[in-house]
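K.L.:
As a plain string of letters, each chain reads:
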Amino acid sequence: MKSRVTPAQTIGPFFHGALCRAGDGRLAEPASPGALELRGRVLDGAGAPVGDALLELWQTDGRDSAFCRAATNDAGEYQVVARKLAGAPLADGRRQAPHINVSVFARGLLHRLVTRVYFPEEGAANARDPLLASIADARLRARLIARPSANGAELRFDFVLQGEHETPFLDV
Amino acid sequence: MIVFRTDDREVHPPHRFPDYRSTRLRAPLSPPIPWPHSPTESTGPNFADRPPARREADLTAQHAGAPLGERITVAGQLRDEDGRPLAGQLVEIWQANAAGRYAHPVDQHAAPLDPNFSGVGRCLTDADGSYRFVTIKPGAYPWQNHANAWRPAHIHFSVFGPAFATRLVTQMYFPGDPLLELDPIFHAVPEPARERLIAAFDLASTTPDWALGYRFDVVLRGREAAPGGRA
Chain P
1 MKSRVTPAQT IGPFFHGALC RAGDGRLAEP ASPGALELRG RVLDGAGAPV
51 GDALLELWQT DGRDSAFCRA ATNDAGEYQV VARKLAGAPL ADGRRQAPHI
101 NVSVFARGLL HRLVTRVYFP EEGAANARDP LLASIADARL RARLIARPSA
151 NGAELRFDFV LQGEHETPFL DV
Chain B
173 MIVFRTDDRE VHPPHRFPDY RSTRLRAPLS PPIPWPHSPT ESTGPNFADR
223 PPARREADLT AQHAGAPLGE RITVAGQLRD EDGRPLAGQL VEIWQANAAG
273 RYAHPVDQHA APLDPNFSGV GRCLTDADGS YRFVTIKPGA YPWQNHANAW
323 RPAHIHFSVF GPAFATRLVT QMYFPGDPLL ELDPIFHAVP EPARERLIAA
373 FDLASTTPDW ALGYRFDVVL RGREAAPGGR A
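Chains as they are written, first to last, in our numbering: chain P, 1 to 172; chain B, 173 to 403.
Don't read these hints as lab results, they were simulated from the structure. Mixed in with the good hints there might be a few duds.
Partial list, derived from the structure: chain P residues whose beta carbon lies under 8 Å from chain B [unchecked claim]:
| no. | residue |
| --- | --- |
| 1 | 10 |
| 2 | 58 |
| 3 | 64 |
| 4 | 105 |
| 5 | 109 |
| 6 | 111 |
Over 12 Å on every C-beta distance to chain P, these chain B residues come out as not near it, computed from the model [to be verified]:
| no. | residue |
| --- | --- |
| 7 | 255 |
| 8 | 287 |
| 9 | 291 |
| 10 | 293 |
| 11 | 304 |
| 12 | 330 |
| 13 | 350 |
| 14 | 361 |
| 15 | 379 |
| 16 | 394 |
Note that CB positions come from ideal geometry on N, CA and C, so glycine has one too.
Taking the hints into account, I'd like the entire structure generated from these sequences.
P.N.:
Here it is in structure tokens:
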């Protein structure tokens, strides 16, 4: 029997007790090989920090997978222990560059926003990635790629919800 | 690979809905980039091997005493558009107490906290996709969206479904609530889809001498028909 899809509503500002746990923010164990720190901020259209956002991160290479949540603090900052996982190939065989799928939830977001974080040192794989290749504007493409920090020990990625530096979001 | 349908814009609220003030600076201005699902979107986290404790589905039994308020049960089925029950799925809920106050540091509403109520529940769906929570009816509460703004009583729901693509966070409302007509968050959902957010009073699941029953089914998007016509 055909049913009709339930509409989305905002996560609101009071989700932490239900959805957040000690030890959140780990796609990988901190001491595991290849573990790296991914951090940044969630910002609104005025450049103000979004202190009540929840990020959900998901990655899979077709066999191995990882999921975690990370809430922002009052300064809009989040941090995640991540690792690089090869992208699973598309049904037509095209390879995807390593990436992390991210859902952004917050008060004021009536429905989640979806985007991807790609890795900066994967230049060749990123150039061939089907999603990145489908985005004509190089400035938008660049916004989906994390930036290495000055000391190289971590990656930075800001989720800008609105405005001149808006993060490209995906219609999935 | 199972491919799920893309998001239905006739069903879900738009990102920008100026009557809901917080959307004004948080809604993206650019349209989302179309992206056919890859294995990253067609798979998702599986929580079936980490079932929550049974008591997590009873929000009235998590403390030394019973919470104040009208005891209710909220039960329903998680399924997809094609009627497939979604079994072993994590359902997470959170809500205000009977006085309309969340047990959350940011909530400063001048209503009492209830030491016997945290307002948080979790369970896994059964083999037929069904779930059931015991809780109390949440109170309405004021918010700062506009003059004399009050949220209708609601319970927040979070479900995943079989893939990253099917993830849904929503809110369940109560039938007959006069605040629904005035609520911009509810009204951001286009007609007629918004009615699906209102639970049904259900005499069949009402427990005599104990608790009123409400029914709230949650339906996630279905599968794209595979080449050759078989879904």
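K.L.:
Decide, hint by hint, whether the structure agrees.
P.N.:
Here is how each hint holds up against the structure:
1. 10: Hint holds; residue 10 of chain P Cβ to chain B Cβ min 6 Å, cut 8 Å.
2. 58: holds (5 Å)
3. 64: violated (11 Å)
4. 105: holds (6 Å)
5. 109: holds (6 Å)
6. 111: holds (5 Å)
7. 255: violated (4 Å)
8. 287: Since the minimum Cβ distance to chain P is about 15 Å, residue 287 of chain B lies beyond 12 Å and the statement holds.
9. 291: The assertion about residue 291 of chain B is violated, with a minimum of 7 Å to chain P.
10. 293: The claim breaks: residue 293 of chain B does not keep its Cβ more than 12 Å from every Cβ of chain P (closest is about 8 Å).
11. 304: holds (17 Å)
12. 330: violated (6 Å)
13. 350: holds (19 Å)
14. 361: violated (4 Å)
15. 379: holds (25 Å)
16. 394: With a cut-off of 12 Å, residue 394 of chain B comes too close to chain P, as the shortest Cβ separation is near 8 Å.
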